[in-house]
Amino acid sequence: MSISAPISSAEPPVAVWSQTDGNNAKISLMGKINVYSLGGVWTQIRAAQNAWLKQGASQSLVLDASQISSLDGAGIAFLIGVEEVQQKAGGKFEIVGLDARYQPLLKEFDPISNLFPVPAVIPKRSFIVSTGMAAQNLIDDARGLITFTGHLTADLVWSIRNIKQVRWGDFVNAAVEAGINALPIVGLVSFLIGVILSFQAAIGMKQFGAESFVGPLAALGIVREMGPLITAILLAGRSSAAFAAEIGTMTVNSEVDALVSGGLSPIRFLVVPRVLAGILVMPILTLYADIISIIASMFTMLAYGIPFINFYNGMLAAVDIEDISSGLIKATLFGVVVSAVGCLRGMQTGTGAAAVGISATRAVVSSIVMIVLVDGVFAFISYKTGF
Amino acid sequence: MDMTNNNSSNTTYAIDVQNLTVGYGSNVLMKDLNFTVNNGEIFVILGGSGCGKSSLLKNLFGLYQPLAGDVLIEGQNITAAQGAERQKIMTSFGVMYQQGALFGSMNLLENVTLFMEEYTELTQDQMDLLARCKLDLVGLLPYETYMPSEISGGMQKRAAIARAMALDPKILFLDEPSAGLDPITSADLDSTILDLSKNLGITFVIVSHELASIYAIADKVIMLDKGAKGIIAEGDPKVLRDTSTDPRVHQFFNRIMSKDVA
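Chains Z and C, in that order, give the protein sequences. The opening residue of the first sequence carries number 1 in our numbering; numbering runs sequentially from there. The opening residue of the second sequence carries number 1 in our numbering; numbering runs sequentially from there.
A hint or two may mislead.
[Claimed, not checked] Residues of chain Z clear of chain C, computed beta-carbon distances all greater than 10 Å:
#1 N34
#2 T43
#3 L71
#4 I80
#5 R101
#6 E108
#7 N114
#8 R125
#9 R143
#10 V157
#11 A210
#12 A258
#13 S326
#14 T351
[Said to hold, decoys possible] List time: in silico DSSO-like cross-link candidates among lysine-lysine, alpha-carbon distance up to 30 Å:
#15 K259/C with K198/C
#16 K58/C with K229/C
#17 K32/Z with K229/C
#18 K88/C with K226/C
#19 K107/Z with K170/C
#20 K107/Z with K229/C
#21 K198/C with K107/Z
#22 K32/Z with K220/C
#23 K238/C with K220/C
#24 K238/C with K32/Z
#25 K58/C with K226/C
#26 K88/C with K31/C
#27 K238/C with K88/C
#28 K54/Z with K88/Z
#29 K31/C with K32/Z
#30 K88/C with K259/C
#31 K220/C with K58/C
#32 K107/Z with K26/Z
#33 K88/C with K58/C
#34 K238/C with K259/C
Because the hints were derived from the structure by calculation, they are not lab data. The C-beta atom is built at its ideal place from N, Cα and C for all residues, glycine as well.
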């Protein structure tokens, strides 16, 4: 190994290893010892030192610091690093010629063993323990959800009684953000869904010459299922995440704590206006999505030779007011769930910037899971009751 | 400036501020500032809240572009520098922000080693040892595996100082380092600053209100004033305290209430 060879750059190495005999070695430092010049050199010196220490016991290393032109914190760390290796191996170590002004800094780190902590062993969790912990997390999460639902219900009832004390300004802001600002994306997505739905249906139905039934089928599917579902998923992606990020940032900045210590309920203050906004905008957005989708479907079926009037009549025969109101009631439930879950995840935010991102992700995921759950329950109820 | 010597670090100032105007858009906070910071000096910027101390600091280390004027760091104009040249100047100093600004997703050790990973060829073990030395200097060695959110505000500030020192810069900018620290920690920090300045020749530019700490460490202070939009006093803090005839300076150094001045 050629220790004295220059390292990567044109500059001469700042440290050179030399062995006088088996028991005595010397490291000569020269020039500017800093975090940049030590790159590579440190590793080589260390390798030479290790190889030398393996040869035998009672070895003595001298570090000649007389030719240093400048030494910084990294240089001092290097000295400590060399000394530690020597200490561990039971060898002798001596620094000669170090400028007096560097001595106090070197002393600052005594005893140097503190700088070399024994790496902590992270206990491995067995499968049973980790399963148990996951289950516990699930239970805690469910408990949090139930508690939150209780608080929210109580505060919603409270706000009906004390209608004037609801934060209507926040409500309007949330409703504009979640509702009016969502119109373009909801319009675009529901238009495409309308086209795709009737197109796909038409391909199959055409084999039986039943294109004329596509209109009623698509309209019924849109009004009862697709309209509310697509709108809710969009609301989850847009507003649930926004609520979580907003309330999450407030949690991180102790703003939520400030509300609590001021004797105010954060749920009443932050969650109720947003949930009310969700309740207001979801049915309206859904109705809007239904109309756009059906119009899209009508145009698609025109390409299959079904005139508007035939589509319209077929739709009237299949879809009645009960179907529409069933879809809108479901949409309202989605609105409650999506906005409440967004707020809940925001309130559960931990600390730090990353926690806000995690909360926003959790808000979207939980919202979509809850949408599907509510949809399933709703489907069961409407199957049993015929509504 | 003596231009006969080629070794510029001996002849130029650590920081040379020339006709600097600080502000945001049309809102001018400080006008035509001129001052210099010598190598190895502990330089403190004083002034009441909201007078633009932190803004001035951010102009000095090039985070904000000044409205007018130049800032020379070790003779190099950071205001005009671009690209690689600018990055080189940027690595010659360290910055501690008022709120710490630690990276929340990394523990303290990783916060300190981050810049080393990017700029040096050291191995992970070597960087860890370096980082532990920095954390030891600010008294946070036992907390290396803690996340920033798990430690107190004062500890976050100290960790931020350790991070600022990661590459052993020649200049350290500290924005209110001792605010919010307990007296003992604050005194420890002062002694660390003095050590680093005396033994390693590090230049400090510090924004601070803590009079006790200022008297203990500052070689030179400048005092800014909102109304004057500039420097109203410059020099040794103890001399200013005892001899300044400017009522604003006198009031500041002797902690006199506003209502007692009129």
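Results for each hint:
In this structure N34/Z is not separated from chain C by more than 10 Å, as the shortest Cβ-Cβ distance comes to only about 6 Å. With a closest Cβ-Cβ approach of about 6 Å to chain C, T43/Z is found to fall inside the 10 Å limit, against its non-interface label. Not every C-beta of chain C lies more than 10 Å from that of L71/Z, the closest at about 8 Å, which undercuts listing it as non-interface. With a minimum CB-CB distance of about 7 Å to chain C, I80/Z fails to clear the 10 Å threshold, and the non-interface call is violated.
Consistency note on R101/Z: stated as away from chain C, yet its beta-carbon is not over 10 Å from all of that chain's, at 5 Å minimum. Listed as outside the interface, E108/Z is inconsistent with that label: its C-beta sits roughly 7 Å from the nearest C-beta of chain C, within the 10 Å cut-off. With a least beta-carbon separation of about 6 Å from chain C, N114/Z fails to lie farther than 10 Å from that chain, contradicting its non-interface assignment. No Cβ of chain C approaches the Cβ of R125/Z within 10 Å, the least distance being about 18 Å, so the stated non-interface status holds.
Distance check for R143/Z against chain C: the nearest CB is about 24 Å away, which clears 10 Å, and the non-interface claim stands. At the 10 Å boundary, the C-beta of V157/Z stays outside the reach of chain C, the nearest C-beta of that chain being 36 Å off. For A210/Z, the condition that its CB be more than 10 Å from all CB atoms of chain C holds, with the nearest at approximately 57 Å. Residue-level check passed: A258/Z sits 16 Å from the nearest beta carbon of chain C, beyond 10 Å.
No Cβ of chain C comes within 10 Å of the Cβ of S326/Z; the nearest lies about 46 Å off, and the non-interface call holds. The non-interface label for T351/Z is inconsistent with chain C: the shortest C-beta to C-beta separation is roughly 4 Å, within 10 Å. At most 30 Å may separate the alpha-carbon atoms for a hinted pair to count; K259/C and K198/C exceed this at roughly 41 Å. Proposed proximity of K58/C and K229/C is supported: the alpha carbons are some 17 Å apart, at most 30 Å.
For the hint pairing K32/Z with K229/C, the CA-to-CA distance comes to about 42 Å; that exceeds 30 Å, so the pair is violated. The suggested pairing of K88/C with K226/C is violated, with an alpha-carbon distance near 33 Å, which exceeds 30 Å. About 21 Å separates the Cα atoms of K107/Z and K170/C, which keeps this hinted pair within 30 Å; it holds. Straight-line distance between C-alpha atoms of K107/Z and K229/C comes to about 45 Å, which puts the hinted pair past the 30 Å bound.
For the proposed pair K198/C and K107/Z, the alpha carbon gap of about 15 Å is at most 30 Å, so the pair holds. Restraint check: the Cα-Cα separation between K32/Z and K220/C comes to about 29 Å, which is no more than 30 Å; the hinted pair holds. About 10 Å separates the Cα atoms of K238/C and K220/C, which keeps this hinted pair within 30 Å; it holds. Only pairs whose Cα atoms come within 30 Å are accepted, and K238/C paired with K32/Z is rejected, the gap being roughly 36 Å.
Only pairs whose Cα atoms come within 30 Å are accepted, and K58/C paired with K226/C is accepted, the gap being roughly 17 Å. A C-alpha spacing of about 28 Å is found between K88/C and K31/C, which places the hinted pair at or below 30 Å, so the restraint holds. Between K238/C and K88/C the CA atoms are separated by roughly 36 Å; this puts the pair beyond 30 Å, and the hint is violated. Between K54/Z and K88/Z the alpha-carbon distance is near 12 Å, which keeps this suggested pair within the 30 Å criterion.
Taking the CA atoms of K31/C and K32/Z, the gap is about 40 Å. The hint is violated against a cut of 30 Å. Distance restraint check for K88/C and K259/C: the Cα-Cα separation of roughly 49 Å exceeds the 30 Å cut-off, and the hinted pair is therefore not satisfied. Taken as a hint, the K220/C and K58/C pair is honoured in the structure, with Cα atoms around 19 Å apart against an allowance of 30 Å. A threshold of 30 Å between alpha carbons decides the hint, and for K107/Z with K26/Z the separation of about 22 Å falls inside it, so the pair holds.
As the CA atoms of K88/C and K58/C are separated by approximately 17 Å, the hinted pair is consistent with the 30 Å bound. A threshold of 30 Å between alpha carbons decides the hint, and for K238/C with K259/C the separation of about 24 Å falls inside it, so the pair holds.
In this structure, the earlier hints numbered 1, 2, 3, 4, 5, 6, 7, 14, 15, 17, 18, 20, 24, 27, 29, 30 are contradicted, and the remaining ones agree with it.
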